[in-house]
Amino acid sequence: MAKKLLLEKAHVEGIRYFDVYRREGGYQAVEKALKMAPNDVVEEVKKSGLRGRGGAGFATGLKWSFLAKPEGVPRYLVCNADESEPGTFKDRYLMEFIPHLLIEGLVVASYALGSNRTYIYIRGEYAWIVAILEQAIAEAKQNGFLGKNILGTGFDCEIYVQRGAGAYICGEETALIESLEGKRGNPRIKPPFPAIKGLWGCPTVVNNVETLAAVVPIMNLGGEEYAKIGVGRSTGTKLISACGNINKPGVYEIDMTISVEEFIYSDEYCGGIANGKRLKACIPGGSSVPILPANLLLKTAKGETRYMNYESLSDGGFATGSMMGSGGFIVLDEDQCVVRHTLTLARFYRHESCGQCSPCREGTGWMEKILQKIENGDGVKTDIDLLWDIQRKIEGNTICPLGDAAAWPVAAAIRHFRDEFEWHVNNRELCRKQNYGLAHYADEIHVPA
Amino acid sequence: MSEEVKKIKVTIDNISVEVPAGTTILQAARMIGGDVVPPAMCYYTKLEGSGGKCRTCLVEVSKGSEADPRPMPKLVASCRTGVMDGMEVKNITSPRVTDARNGVVEFLLLNHPLDCPVCDQAGECHLQDLGYEHGKAGTRYEFKRRTFDKHDLGPYIQLHMTRCILCYRCVFTADQLTEKRVHGVLSRGDHAEIATYIEKSLDNNFIGNVIDVCPVGALTDKTFRFKNRVWFTKPVTAHRECKCCSGKVTLWQRGEEVLRVTARKDQWGEVEEWICNECRFEKKKTSDWVIEGPAHVNRHSVISQGHYEKVVKPTETFKAVHDGRDPQLLMDIHSVSEVNDPNVDLSAIAGPATGEVFKLTKKSS
Amino acid sequence: MVKFTEDKMKEVQSMIDRYPEGKQKSALIPLLHLAQQEFGGWLSAETMDYVASLLSIEPIEVYEVATFYSMFNLQPVGKHVFEVCQTGPCMLNGSDQIIDYIKQRLNIGVGETTADGMFTLKTVECLGACGYAPMMQLGMHYREHLTKTKVDEIIEECRNKQ
Ligand SMILES: Cc1cc2nc3c(=O)[nH]c(=O)nc-3n(C[C@H](O)[C@H](O)[C@H](O)COP(=O)(O)O)c2cc1C
Ligand code: SF4
Ligand code: SF4
Ligand code: FES
Ligand code: FES
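Residue numbers (this note's numbering), protein chains in the order written: chain X, 1 to 449; chain E, 450 to 814; chain G, 815 to 976.
One should not assume that every hint holds.
Claimed, not checked - With a straight-line Cα cutoff of 16 Å, these simulated EDC-like cross-link-like pairs (lysine to aspartate or glutamate) come out: (1) G/Lys893 to G/Glu958; (2) X/Lys381 to E/Glu591; (3) E/Lys523 to X/Asp404; (4) X/Lys190 to E/Glu497; (5) E/Lys649 to G/Glu875; (6) X/Lys4 to X/Asp255; (7) E/Lys629 to G/Glu872; (8) X/Lys46 to X/Glu225; (9) X/Lys183 to E/Asp624; (10) G/Lys839 to X/Glu178; (11) E/Lys629 to G/Asp863; (12) G/Lys837 to X/Glu181; (13) G/Lys839 to X/Glu181; (14) X/Lys4 to X/Glu24; (15) E/Lys649 to G/Glu872; (16) E/Lys649 to G/Asp863; (17) X/Lys248 to G/Glu958; (18) X/Lys183 to G/Glu875; (19) X/Lys183 to G/Glu872; (20) E/Lys697 to E/Asp715; (21) X/Lys369 to E/Glu591; (22) X/Lys373 to E/Glu591; (23) G/Lys837 to X/Glu178; (24) E/Lys697 to E/Glu741; (25) E/Lys649 to G/Glu860; (26) E/Lys629 to G/Glu875.
As the list claims (entries may be wrong) - Pulled a few chain E residues facing chain G out of the computed Cβ check, cut under 8 Å: (27) Lys629; (28) Val631; (29) Val634; (30) Leu635; (31) Ile647.
Calculated directly from the structure, the hints in this document are not laboratory data.
The model shown is predicted, which means the values in this text are computed figures rather than measured ones.
Glycine included, C-beta positions come from ideal geometry on N, C-alpha and C.
Modelling step: build the complete structure from the supplied sequences, incorporating the hints.
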């Protein structure tokens, strides 16, 4: 069994309630942290090597140390629980099963950053989780771990839960802040960054749910001990939400030393491809990251085993690699159509574009239309090149990374599955009735000597 | 603080200029002038918070600063990026910029109706200029263009949503100049639109300025008498005593008639001083005004050609019109426009011209 | 006329109290959720104007927000709204077939409401339940691992709730 730091106790009976959570060792991180100077807590997180679990993988300790601290201006910590990246459902799991872990992490982080008002911004559809979190907050408050003068240290902190209302873009941190201010979720033009000017113009840190929960084991173990888990710059454990055509979809906590192959086929994790089929492709880190064919997923272009960690998943760059992203692991079996799957993602990004900047507003819709045309069996060969050109002109030219997130899945699908696209446009009748199948996508790749 | 007056050096397309700290790349480029100035469809100097959205002003920063010479990995919006000492910027000398900008222009025109022949903004439209310079021959877009439900904004202002590029300038204008904003951007993504939600007229005393800030023909003057093509009219500068505003305007005349009143604009097409609704909409007699003299009209604009009576391509070369610059003429809006047809005599249309009117008056050939 | 009850007004006040003074606009989205729930499952212009008045903001600020977020209904909807996810991971697990089945069972298209005003069918994008696909949202809760039989049961359950 791999080491678990976050979900170890998630299935203890009654862990949702304070008493059980406390009995199982909960809130010791708060006790420990509040005896330290806030900056020492930040240092501890720096030592842990923790990288943001929201998608970008930015070093959390470093991010915290960037927070501006002007005299007399409040600072805010905002927890990003918007979780809307297709394939990702790990934060939900954590909040549903072990809500106090998040609250505990939030108290520690609020203390470290000096936030007396901390917000959890949760996607609007997770309505029932709001109640779970509010219950946990009330309990923490009753027991002196939250509210005024926490543990007699003079530190005050309130946590509020704010519901979104259906907008993926509100996961982008500046759009989230806008939404929290009661506005449309239009990402802001940066700079200034939230660390200088965030919520209501005050210095703000936005962190993912899992990132903040990980602060608890970091405090309990100490940053250095935490950093020993995992490999290289992938320290600690990571939650992976696995879905698609596998036997055991669900949320798994992994230490980042296991191979992708083990993750897919071992009974401890995904349990293999559903219905005895073969693996065709996989998007390993949420819909925005590049899709890989089976052969490049299990092995890098150099022929080495690929592991479930930041470095290994991105080995080969976008040419032959992908990304850890948000840990949304989407598996496609041999009977799935990559064109159709890419179409649903293109539709998603078109639907979720805020519409502020022209490349994303216009380009996402155009890509969807062309993909729909190809999928319908009406495509022509030049459509594939046109798609490529459109995604290329969106990428890097937009206000926020949603433009890139929309471009990458299309780019990767064409890069690795071009013959499947060509088959569609060359077999317009046939492609309405049947799929291209596994083709050569699982074949051993030839590694140049 | 002495830092505030400190001058810093920035080089754009190999031309150096010293500018005060806090200047944006776009402003610095405007100080140099000429070709190195990136086109700006959404940024507006007088509107706080504007810019960053249209992406036409993207430039390449090939050297970040003297202190940190690393190039910036992505192209940046010059209107919202501050200069650093020793920064080196590439605009027209960067193939990456040209490529990205061609893309942006294509995106902006993707759902545009290309109804220039019947658009009141024709000749004053920044998108039209941009299309000439950066567009592609024909369109690669084969799908139905977006349409919107019609919104009536009252007696003064006409909205043609299909032409809107969502620059947000009119929203910032209303926020900044009026007490109660009643229009805004509704919906999101490719359905986003300028509207009031429930029918309301825009009648705040300074709201007329949205017409002047709109870079395209999405917001036009409903009181524009005879709905003339701008290039038939003669612009003069004029003023009057006004209790609410400076009263300094440009009058667009034909003979003795005042067809339209607008604010005066600088060489970047930006309003010099905001004017009130009374000056703009109610004073349509020459006797209302003290005429100062002919107004300078930006030579890039087709207005300055004066003889654009039928929809034919301008006879002068673009090089001549553009002060010797030779932009790539790639997009011929007129050849791909659905409503354009050289057989139509535009001066025969009394206006307000719409696609419908246009079909009816088509000369049978 | 739309007006919150005294009880709900207390809730409104506690929502506003979550933010520093003068930042009451932040309560807009929570208030719109409450208003939608209280005033018939959708937001009429009257409801939105009322919310604007509670927060001392301009009505346009409310319209801008309400039209941005997909959870707000700007038209009346049926008593039970089936919001079925159709994004990649759900598609891989047969959401298209589930959507077709619901269409056929209720005899309506996507975006439509049954003649008796009971059911509305919507398609939505990923709701964060990809591992439990296919799925739909029904009111405050998710219904996961959908099959045709499960859909039948849900329809039955809604009818019985009458
Ligand atoms: C379009 C878009 C959507 C995003 N959605 C989420 C999200 O749902 N949850 C999240 O934690 N981060 C999301 N992010 C990343 C956040 O902007 C931000 O990087 C993150 O919350 C930082 O937290 P971390 O450092 O703890 O990862 C998104 C980013 C973009 C551009
Ligand atoms: S990239 Fe898309 S989502 Fe991001 S600001 Fe631009 S339009 Fe909005
Ligand atoms: S109507 Fe004109 S000014 Fe307003 S957003 Fe559209 S293009 Fe810009
Ligand atoms: S002018 Fe700079 S982005 Fe529009
Ligand atoms: S794809 Fe349907 S819930 Fe994520």
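Using the nearest Cβ pair, does E/Val631 come within less than 8 Å of chain G? holds, 6 Å
Are the Cα atoms of E/Lys629 and G/Asp863 separated by 16 Å or less? holds, 14 Å
Just to be careful, I want the Cα atoms of G/Lys893 and G/Glu958 compared with a cutoff of 16 Å; is the pair within it? violated, 20 Å
Does E/Asp715 sit within 16 Å of E/Lys697, going by the straight-line distance between their CA atoms? The hint holds at about 13 Å.
For E/Lys649 and G/Glu875, compute the direct alpha-carbon distance and say whether it is at most 16 Å. holds, 14 Å
Going straight from one Cα to the other, do E/Lys649 and G/Glu860 come out at no more than 16 Å? Since the Cα atoms of E/Lys649 and G/Glu860 sit roughly 14 Å apart, the hinted pair holds (cutoff 16 Å).
Does the structure keep X/Lys373 and E/Glu591 at a Cα separation of 16 Å or less? Given that 16 Å is the threshold and the Cα spacing comes to 11 Å, the pair holds.
Next pair to validate is G/Lys837 with X/Glu181; report whether the Cα-Cα distance is within 16 Å. Distance ~7 Å between G/Lys837 and X/Glu181 Cα, so the pair holds.
Within a Cα-Cα threshold of 16 Å, do E/Lys523 and X/Asp404 meet the stated pairing? holds, 12 Å
Restraint check for X/Lys183 with G/Glu875, where alpha carbons must lie at most 16 Å apart: Given pair X/Lys183, G/Glu875 holds - Cα atoms ~8 Å apart, limit 16 Å.
Given the hint that X/Lys183 pairs with G/Glu872, test it: the Cα-Cα distance must not exceed 16 Å. Holds, because 12 Å separates the two Cα atoms, which is no more than 16 Å.
Given the hint that E/Lys649 pairs with G/Glu872, test it: the Cα-Cα distance must not exceed 16 Å. holds, 13 Å
Taken one by one, the earlier hints fail for this structure only at number 1.
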